[in-house]
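Participant: Heads up: the protein sequence lines correspond to chains A and B, in order.
Using full-length UniProt numbering, the first residue of the first sequence is number 1, and each one after it goes up by one.
Using full-length UniProt numbering, the first residue of the second sequence is number 1, and each one after it goes up by one.
FYI, nobody ran anything at the bench for these hints, they're computed from the structure.
This one's a predicted model, so the numbers in the text were calculated from it and none came from an experiment.
The calculated lysine-lysine pairs, modelled on BS3-like cross-linking and capped at a C-alpha distance of 25 Å, are:
| hint | chain 1 | residue 1 | chain 2 | residue 2 |
| --- | --- | --- | --- | --- |
| 1 | B | Lys-25 | A | Lys-154 |
| 2 | B | Lys-29 | A | Lys-144 |
| 3 | B | Lys-29 | A | Lys-27 |
| 4 | A | Lys-147 | A | Lys-27 |
| 5 | A | Lys-151 | A | Lys-27 |
| 6 | A | Lys-154 | B | Lys-29 |
| 7 | A | Lys-144 | B | Lys-25 |
| 8 | A | Lys-3 | B | Lys-9 |
| 9 | A | Lys-151 | B | Lys-29 |
| 10 | B | Lys-29 | A | Lys-147 |
| 11 | A | Lys-147 | B | Lys-25 |
| 12 | A | Lys-111 | A | Lys-144 |
| 13 | B | Lys-25 | A | Lys-151 |
If you want the footprint, here are the derived chain B segments under chain A, 3+ residues with CB under 8 Å:
| hint | region |
| --- | --- |
| 14 | 13 to 20 |
| 15 | 23 to 36 |
Some but not every residue of chain B turned toward chain A, in silico, with C-beta under 10 Å:
| hint | residue |
| --- | --- |
| 16 | Leu-8 |
| 17 | Lys-9 |
| 18 | Ile-10 |
| 19 | Gly-40 |
Every residue gets a Cβ at the ideal spot worked out from N, C-alpha and C, and that includes glycine.
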Amino acid sequence: MLKILGILMVFTGCSLTGIMIDLNYRKRVKELEELIYALECLKGEISYKLSPLQEASAIIGQQMRYGIGEIFTTFAGHLNEKSIDDVYTLWQKSLTSTAYSLHFNEDDYNKLDEFGRGLGYLDKHMQEVNIELYLSKFKNILDKALKEQEKSSKLRTGMGILIGACISILII
Amino acid sequence: MDQMIELLKIGGLSMAVMFMSMILKQAGKDSYANMVSLGGTALILIIIANYILQLFEVVETMFMF
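Produce the complete structure using the sequences and hints provided.
Facilitator: Here is the structure:
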């Protein structure tokens, strides 16, 4: 009886691990899509509404989902406090406090960090150029992530279940 | 009965290894697929090693007068 219980637990554990890993990758894709949308909105806010960075970030923070909004809300809060003049340092602070709860990988975080370097630098045109540059970079990352997900989605779930099955068979 | 269970175990393991290899090949990870196949074969060989030994002993006794 205990053996069967153990086998069931091992099998469910392995299968769930596979499914969870796959879910994490799916969440990353969703978050990347939301980030691209957020950058498009930020560009719109700065170019057409001529909003200052703090105001634009606060508006975007309210609109976005999946934790992306949280980055911009925290950033707007830091900008509002005006404790440090350097916008990049404030961006880094908001990234470290919020973004690590997201499902991005190291490369995505580095790109997000680099994006902060151009934020609030020089004039409106410079902002637009910076946002456009990172929009194209994130679009490339999203394309790669989508292709990878299409290729490996079955692999992660399938391997989890099959490894569970193998261990269960060996335990019997 | 024990032998039957062992037989089913080997069958199940080989099926699982085959599916794993198929999934890995579909995902374009051929080297991993080969490693899994090799590992599965080794595992099954370890399971049946005892039976092969028994078979040799039986064959040996056949030629003893």
